[in-house]
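S.K.: Guided by the hints, dock chain C onto chain B, whose structure is given.
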Amino acid sequence: MARYILGRVLSLILVLFVVSVVTFFLMHQVPGGPFDETKAPLPPAAKQNILRKYGLDKPIHIQYLNYMKNAVLHFDFGIPYQQPTTTVTALIAKSWKLTVQVGAMTVILAFGAGFTLGIYAAYHQNSWIDNATTFIAMLGITVPSFVVAMWLILFFAVRLKWLPMGGWNASGSCLIGNDFICTDWIMPVVAYALGPLAIIARYTRASVVDVMRQDFTRTAQAKGLGSQAIMYRHILRNALIPMVTALGVIVPNLLTGSIFIEAVFRINGLGRFFVTSIFNRDYPMIMALFLLIAFLWSMTYLFTDILYTWIDPRVRLGAEGGA
Amino acid sequence: MATKYLRKPNWSAYGVPLLLLLGLLMQACVAPPAAPAASSEEMDEEPAANVTIYGEELPADARPYDEQVYRVAANINQSASTFDFPVAVYNRYCLADYFQDTLVSLDKDFNVIPGAAESWDVSEDGKVWTFNLRPGQVWSDGTPLTAYDYEATFRLTATPEHGWDFSWFYSFLADGGIKNWSKIIAGELPPEELGVRAVDDLTLEVETEDVFPPLPGVMKFAFTLQKKALEEHGPYYNSSLETTVSSGPFILTEFDPGNRIVVEANPTYNGFRKPLLKRIECVFMDLSTFFAAYQNGEIDVVGYGALTPADFELILRDETMSSNYLRHFGDFRTDYLLFDTFAEPFSNLDVRKAFAHAVDRENIVPSVYGEIKAMPAYSMLMPGYPSSDTEGMLREHQTFDCDLANEHLAAAGYPGGEGFPDQVMMLRGEGPAMAAVYQAVAASIAECLNINIEISNVDRKIYMDALNAKPTELTFGAVDYGMDFLDPANLLGNVWKSGGRHSWKNDEFDSLVTEAAGMVGNPELRDQMFRDAERVLVDDVGGIFIAHRWAGDLMQPWVQGTIRDPDSQGITGWHWGNDQDIAGIYISE
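Quick mapping for you: the protein sequence lines, in order, are chains B and C. Position 81 of the first sequence, counting from 1, maps to 798 under the numbering used here, and the rest follow consecutively. Position 408 of the second sequence, counting from 1, maps to 396 under the numbering used here, and the rest follow consecutively.
Errors might be hidden in some of the hints.
[Claimed, not checked] No farther apart than 30 Å at their CA atoms in a straight line, the calculated lysine-lysine pairs in the DSSO-like style are these:
(1) Lys770/B / Lys458/C
(2) Lys878/B / Lys940/B
(3) Lys167/C / Lys770/B
(4) Lys775/B / Lys171/C
(5) Lys878/B / Lys266/C
No lab work stands behind these hints: they were computed from the structure.
Next comes chain B alone, as it looks inside the complex (with noise of 0.2 Å):
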């Protein structure tokens, strides 16, 4: 195990190398440059000393090396031409920071409620609640994360004023005296949530029917185990698997943020980034999000790996096989 980590962690390096490439010179052969205006020319020679200022007058390949030697070396990964005042570092630490309580929020009520809807859904087939669920995970696929937020802030914050219409209280106090004022979480957790609680309640059910048609389980209850004892220790259990395939997939997403989420519901996190520095052709913050997604990435899907052989002993990693 500990061999095949160190293996994954040595392609972890590969990887964002590779990336880091891709990303540089891909995103330098797009027109239009970080300082080309808006509404007219800079004069030639003005232009020039930003460049320079910037290291944008050197070849390619040097800006590369320089930037990967500052990233490597002292992680230091540059100014963000959009807000000049900070670091590509500092900004992502302050920004991903709210992105992450989102995000994990976001993944314990899509799990959470995915989940318990998606076993129940199972166990009562073609019932009013398997129905209902089947609805909610056409709705949360169908429906695209923005609309949902629009909707609830209309009905819940406009309409009914129960619920304020944005904001992220990131302070950590949830509580005066016995108010709670961390009402501000509910809507874009909901509104980010509808969509992976709806495939994961689809996975979930149709692994547990799946499972449930088993022999294993219909020996299981020959044997005379309790309903409870069958759910946890054979159901579920051979359930996860295709549900760690979906934590794969959904965790990173959650966690690097929502531009709609984050723009509807005024929470000020890395979400937008990913589109204004592609905008504003920010190089620097371009590589630091993009190397971030891959690492995210990587790491998750080791992560599932490893997880698989907990829920399954069956599955063996590295050059000793699988099942």
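M.R.: Positioned in the frame of chain B, the structure of chain C alone reads:
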């Protein structure tokens, strides 16, 4: 069913997933004790009064001074790096421009009036302007505001290493530009050689390359940074609560970009626009939620750019909202089509005329823009702008007439559109509303002339690179332009003169505009020359003018003050350059 034999588990079987859900709730509730809702400082404040910190009494219908809070929204997806015009014009936070006064301001009829400068005069040769600052102006740290602050700021903006994104402006004024500006930007002279000099604490001289009568109006852009802060902390000193300093009507008190920015009335302010408001709050949100936030009473104003056609329908149906939508000129923005007239097929005047007469503006404006947002345009200058065609005399040159359009196309050698090359109309990263307008324009031309036009809506930077390339890489496109300063020398001269923004050249136009721009002592003749020049522009079809955009703001009914006063043409609302309006806004009961 195969699974029927399995007994259904009771609810406790769902414990694990439910625990996860419970965890979410616990995370919300198990939190350290909350901070007090209000600071002790706020608690100690005097009871609400109806007098501002400047000793000025609020209007009778105003809420108490403590409740004089004006709330605005900023687009969370728009990047910003500074509050200050001399640092980066196109990358500013909301509530910019409140930390200093410009040398001049404009009244509601766009006349130049004193700002930080109480008076000015010009030398006999017309090239050296002397601005006299109001005495007694002071920065919030107690440092007096002097002409040396303006001098240092101008020098900073001209410094090549600073790379000011507005440095093109004084270069493109050409003969009207500040002396030595272009040479300093190019690194040929040091910034100390700039034609902006502090003579003493209260006297600033601005020298131009040549005679330039509109110079005082251009000084609307003469913002200032504090020389001391600039030297100690660099140009971004206002982006930190520790180093911010203001000589304007407000000071920065909360700075959390992407979330919230708050400014409060500056107690040391001694300028020309002392505010009735105690505080302005800027909340960052997505553009699509501005209107909902307005409806929810969370913000006090929504600009027209954040309102969709559906929003406008709601507004127009609602008596309260429609009476609080204050329509105004904005920056006299005009939407138009442009060509590369140095290459086929648009080098042929008949082709250009054919296109100009094929645009059915009279239908497109009400049905696609909506009349509240635009008026049909037949020329560059929006009615209301100096020397504009308020009488509609230029209309005939570009009015919709499909028969006439086809005659011109036939004269150009393309009868019935036969053989006319397919065209691509390039758009500058337009949003859905404006993209729909240009779709309609393209459809109108294509249908009338029986030709093919495709739309290509490209990234703004790609578009501008193509537009600015010499020779241009943009054969046919659509764009908009709002004024930079309030003189026809800007929207005609700077935009349309040869060698400028567009690939069109007309010697008569160039001559008229050049002569008029530098003319002093005969305003009637100057005005007529600009009118003649605009006639040449539309007749020679340098561009095809589609619409002049009305701007506007949807205000909450409780926002009152001079912002609602009409100008001499009966137009209310915010007027470009009318900085003192912020001083006249108050929150009523």
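S.K.: Now, for every hint given, state plainly whether the structure supports it.
M.R.: These are the hints, each one checked on the structure:
In summary, the hint linking Lys770/B to Lys458/C is supported, as the alpha carbons are separated by about 25 Å, within the 30 Å threshold. A hinted pair counts as satisfied when its Cα atoms are at most 30 Å apart, and Lys878/B with Lys940/B does not qualify at roughly 56 Å. Using a Cα cut-off of 30 Å, the hinted pair Lys167/C and Lys770/B holds, with the two alpha carbons roughly 26 Å apart. Between Lys775/B and Lys171/C the alpha-carbon distance is near 25 Å, which keeps this suggested pair within the 30 Å criterion.
Taken as a hint, the Lys878/B and Lys266/C pair is honoured in the structure, with Cα atoms around 27 Å apart against an allowance of 30 Å.
Checked against the numbered hints above, the structure violates only hint 2.
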